[in-house]
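Peer 1: Here are the chains, one letter per residue:
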Amino acid sequence: MTDALPVVPNPAQGRASRRKRLGPVLANVALVAVLLFVLFPIVWLVQMSLRPDEDILGYQLLFTPTLVHYTSLNESKFLHSFLNSVVSSCLSTAVALVIGTPAAYVLSRWRLKSRRKIAMWILSTRMAPQITFTIPFFLFFRLVGLSDTVWGLALIYLTFNLALVIWMMRSFFDAVPRALEEAAWLDGCGIWNAFLRITLPLTAPGLAAVAVLCFIFSWNDFFYALILTRTNAMTAPVAIINFMQYEGWEWGKMAAGGTLVMLPVVLFTVLVRKWLVSGLMAGSVKD
Amino acid sequence: MAAAVAATDRGYSVTPRQRLALLGGLLPAMVLLAALTLAPALYLFVVSLTPATPTNPSSLTDFSAPAQNYLSALADERFTESLWVQLKLSASTVIAQTVLGLGVALLLDRRARLVQALRTIFLIPMVLPPIVAALIWKILYTPDVSPLHRVLAAVHLPVSSLITNPHTALWAIAFADTWEWFPFTMLIILAALQVVPREPVEAAKVDGARPLQLFWYVVLPFIRPAIVVAALFRLIDSIKAFPLIYVLTSGGPGTATQVTNYYAFTQAFNYAYWGYASAIAVMLTAGVFALSWLVSAVGTRSSAHD
Numbered sequence: 001m002t003d004a005l006p007v008v009p010n011p012a013q014g015r016a017s018r019r020k021r022l023g024p025v026l027a028n029v030a031l032v033a034v035l036l037f038v039l040f041p042i043v044w045l046v047q048m049s050l051r052p053d054e055d056i057l058g059y060q061l062l063f064t065p066t067l068v069h070y071t072s073l074n075e076s077k078f079l080h081s082f083l084n085s086v087v088s089s090c091l092s093t094a095v096a097l098v099i100g101t102p103a104a105y106v107l108s109r110w111r112l113k114s115r116r117k118i119a120m121w122i123l124s125t126r127m128a129p130q131i132t133f134t135i136p137f138f139l140f141f142r143l144v145g146l147s148d149t150v151w152g153l154a155l156i157y158l159t160f161n162l163a164l165v166i167w168m169m170r171s172f173f174d175a176v177p178r179a180l181e182e183a184a185w186l187d188g189c190g191i192w193n194a195f196l197r198i199t200l201p202l203t204a205p206g207l208a209a210v211a212v213l214c215f216i217f218s219w220n221d222f223f224y225a226l227i228l229t230r231t232n233a234m235t236a237p238v239a240i241i242n243f244m245q246y247e248g249w250e251w252g253k254m255a256a257g258g259t260l261v262m263l264p265v266v267l268f269t270v271l272v273r274k275w276l277v278s279g280l281m282a283g284s285v286k287d
Numbered sequence: 288m289a290a291a292v293a294a295t296d297r298g299y300s301v302t303p304r305q306r307l308a309l310l311g312g313l314l315p316a317m318v319l320l321a322a323l324t325l326a327p328a329l330y331l332f333v334v335s336l337t338p339a340t341p342t343n344p345s346s347l348t349d350f351s352a353p354a355q356n357y358l359s360a361l362a363d364e365r366f367t368e369s370l371w372v373q374l375k376l377s378a379s380t381v382i383a384q385t386v387l388g389l390g391v392a393l394l395l396d397r398r399a400r401l402v403q404a405l406r407t408i409f410l411i412p413m414v415l416p417p418i419v420a421a422l423i424w425k426i427l428y429t430p431d432v433s434p435l436h437r438v439l440a441a442v443h444l445p446v447s448s449l450i451t452n453p454h455t456a457l458w459a460i461a462f463a464d465t466w467e468w469f470p471f472t473m474l475i476i477l478a479a480l481q482v483v484p485r486e487p488v489e490a491a492k493v494d495g496a497r498p499l500q501l502f503w504y505v506v507l508p509f510i511r512p513a514i515v516v517a518a519l520f521r522l523i524d525s526i527k528a529f530p531l532i533y534v535l536t537s538g539g540p541g542t543a544t545q546v547t548n549y550y551a552f553t554q555a556f557n558y559a560y561w562g563y564a565s566a567i568a569v570m571l572t573a574g575v576f577a578l579s580w581l582v583s584a585v586g587t588r589s590s591a592h593d
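These protein sequence lines map, in sequence, to chains Y and W.
Quick note on numbering: the first sequence equals residues 1 to 287 in the working numbering.
Quick note on numbering: the second sequence equals residues 288 to 593 in the working numbering.
Be aware that one or more of the hints could be misleading.
Heads up, incomplete: computed chain W residues facing chain Y, CB under 7 angstroms, no partners named [stated by the list, open to error]:
1) Pro315
2) Val318
3) Tyr504
4) Val575
Computed Cβ-Cβ distance ranges for the label pairs, DEER-style [what the hints assert, rightly or not]:
5) Y/Val87 <-> W/Ala322: 19 to 25 angstroms
6) Y/Val98 <-> W/Pro303: 41 to 47 angstroms
7) W/Val483 <-> Y/Phe40: 48 to 54 angstroms
8) W/Lys375 <-> Y/Arg111: 41 to 47 angstroms
9) Y/Asp53 <-> W/Asp363: 55 to 61 angstroms
10) Y/Ala175 <-> W/Asp363: 19 to 25 angstroms
11) Y/Val46 <-> W/Lys375: 44 to 50 angstroms
12) W/Ala321 <-> Y/Phe40: 54 to 60 angstroms
13) Y/Leu196 <-> W/Pro353: 21 to 27 angstroms
14) W/Arg304 <-> Y/Ala183: 41 to 47 angstroms
15) W/Leu507 <-> Y/Leu83: 30 to 36 angstroms
16) Y/Lys117 <-> W/His454: 45 to 51 angstroms
17) Y/Cys189 <-> W/Ala322: 30 to 36 angstroms
Derived coverage of chain W by chain Y (criterion: at least 3 residues anywhere in the stretch with Cβ under 8 angstroms from a Cβ of chain Y; other residues may be distant) [as the list claims (entries may be wrong)]:
18) 301-314
19) 350-356
20) 447-458
21) 514-528
22) 545-556
Hints in this document: simulated from the structure, not taken from any laboratory.
For glycine and all other residues, C-beta sits at the position ideal for the given N, C-alpha and C.
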């Protein structure tokens, strides 16, 4: 629409070119400021966990790091809670993958009329406030004796993990050409045999990413664990909060616990960064 | 269920036996998902019609006054006040996160090498276990241990604790929430920015459009759907904010930071008014679903544009 307009020399061009040189500099300064804003709080937590008790509030850059807070965690059953987190997250991830992956494959290969409805359902489970599920599960667990067990936690984590697996794996299966498995069928291979031998291996990277996302989301849970566990199945996030409330203000110990809980997530994030946002938005983008 | 799987398999010849096999793969997941999500949601609604509380075992099946909890909620000042607190928290965090996310996304756009490295770093706050994010801000907001309070005191501008002051507590939470979640809006907007076609941008530049005009008239129309979807997602999640509030203020001081979700939590698990808390949770869920329907509508329209 503007092709016909001649390019008129701009009287403000001198100013503009100076601004052009200043612009990138200002942009970079702003980026560094944002970077500091993001990183400083995290770095502060980590350095606090390494500072000796008598200097816990210090802010000199040079100090002799100590692992005393980490070893004291060992004495306070934190390890037990940490293991509970590992077990409940892994268990829930495994079940979600085993049950969700075949369903995702079927939804990818079979153009169901109710696809949109299923998409909406999956989006709703991601959107629903946790309290929606917590009250019924709390009453149900009391009745069947699943309160304060890692089994119960793994079960309630399926509410988001199952939907996540179905949604994300479906898009990975969509990307695998059907010709391969159809050829296998002609050779007399059953549907699920062809799926296991041909389609599933081709989506292995996607499967790994989904597994990591499920693990992170279960690992990060605080609300369900706070309400549905007491002492037996208490997870690491709840244990950290208990340092705050029952054992006085042991900042070093809390910082050490926080650092330990954050570590696996940060490491995994680097692995799955490409899929993280679609994982967080499961159900809403593209059909 | 059988009607739901009556399929239209596009040019894909599936024998009846294969169809049965496919059904066998789909059904377990659908049944489990229904048992884990639909059944509890229905049961929540059922409980909301009773005066359920643990001291009276028969109260779980007492349907003599089904609307009582809903009527009580409307008359409950703490409930209506919690909606107001929720509105303030949601509005402030969604606006702050959208503006900051958009700003940083614009800064990062077209800086290919920087983007790769910084994008991963900016991911960290939002994948951090929320409880760790809450612990970090507890440290930063507690005057005795906070480096920020110490710096302010050193330059003779001492600030008393922000989270124990009813006038500032909510904004302190909003600030921490923005730190945690602006990367989410940033990443979505950045992804949209990177697929903005170059031709119209170049053409506008040749015509002498100033940066602000370029953004407003050329770039913004392309990324508007992404901004709306990101903001709606944050709006929905802001209704569920819990760990920050639990750790920083426990809803206090007084009721200054008691959002609706937190109020339902205290009613259910501190006071064991299960029926009443369920009614609040039902209303909260209805509100969230209405908003997610909006996300779905906007998301479908924006992907149809591609």
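Peer 1: A range of 19 to 25 angstroms was offered for this pair. Does it hold for the Cβ distance of Y/Val87 and W/Ala322?
Peer 2: holds, 22 angstroms
Peer 1: Does 48 to 54 angstroms hold as the CB distance between W/Val483 and Y/Phe40, or does it fail?
Peer 2: Check failed, 32 angstroms falls outside 48 to 54 angstroms.
Peer 1: Taking 7 angstroms as the limit, does the beta-carbon of W/Pro315 come near enough to a beta-carbon in chain Y?
Peer 2: holds, 5 angstroms
Peer 1: State, for the Cβ atoms of Y/Ala175 and W/Asp363, whether the hinted interval 19 to 25 angstroms holds or is violated.
Peer 2: With a Cβ separation near 51 angstroms, Y/Ala175 and W/Asp363 fall outside 19 to 25 angstroms, so the hint is violated.
Peer 1: Return holds or violated for the Cβ distance of W/Lys375 and Y/Arg111 against the range 41 to 47 angstroms.
Peer 2: Given range 41 to 47 angstroms: holds, Cβ gap about 46 angstroms.
Peer 1: Would you say the C-beta atoms of Y/Leu196 and W/Pro353 sit inside 21 to 27 angstroms of each other?
Peer 2: violated, 50 angstroms
Peer 1: Has the stretch 545-556 of chain W got at least three residues whose CB is nearer than 8 angstroms to a CB belonging to chain Y?
Peer 2: holds (count 5)
Peer 1: Holds or violated: 55 to 61 angstroms for the Cβ distance of Y/Asp53 and W/Asp363?
Peer 2: At roughly 46 angstroms between Cβ atoms, W/Asp363 and Y/Asp53 fall outside 55 to 61 angstroms, so the hint is violated.
Peer 1: Assuming the hint says 30 to 36 angstroms, is it satisfied by the Cβ distance from Y/Cys189 to W/Ala322 or not?
Peer 2: holds, 32 angstroms
Peer 1: Evaluate the given range 54 to 60 angstroms for the C-beta pair formed by W/Ala321 and Y/Phe40.
Peer 2: Once the Cβ atoms are compared, 46 angstroms apart, the range 54 to 60 angstroms for Y/Phe40 and W/Ala321 is violated.
Peer 1: Hint says 30 to 36 angstroms; check whether the CB-CB distance for W/Leu507 and Y/Leu83 agrees.
Peer 2: Because 50 angstroms falls outside the window, the suggested range is violated.
Peer 1: Would you say the stretch 447-458 of chain W counts as covered by chain Y, given the rule of at least 3 residues with C-beta under 8 angstroms?
Peer 2: Violated - the stretch 447-458 of chain W has 0 residues with a Cβ nearer than 8 angstroms to chain Y, which falls short of three.
Going down the numbered hints, you'll see the structure goes against 2, 3, 6, 7, 9, 10, 11, 12, 13, 14, 15, 19, 20, while the others check out.
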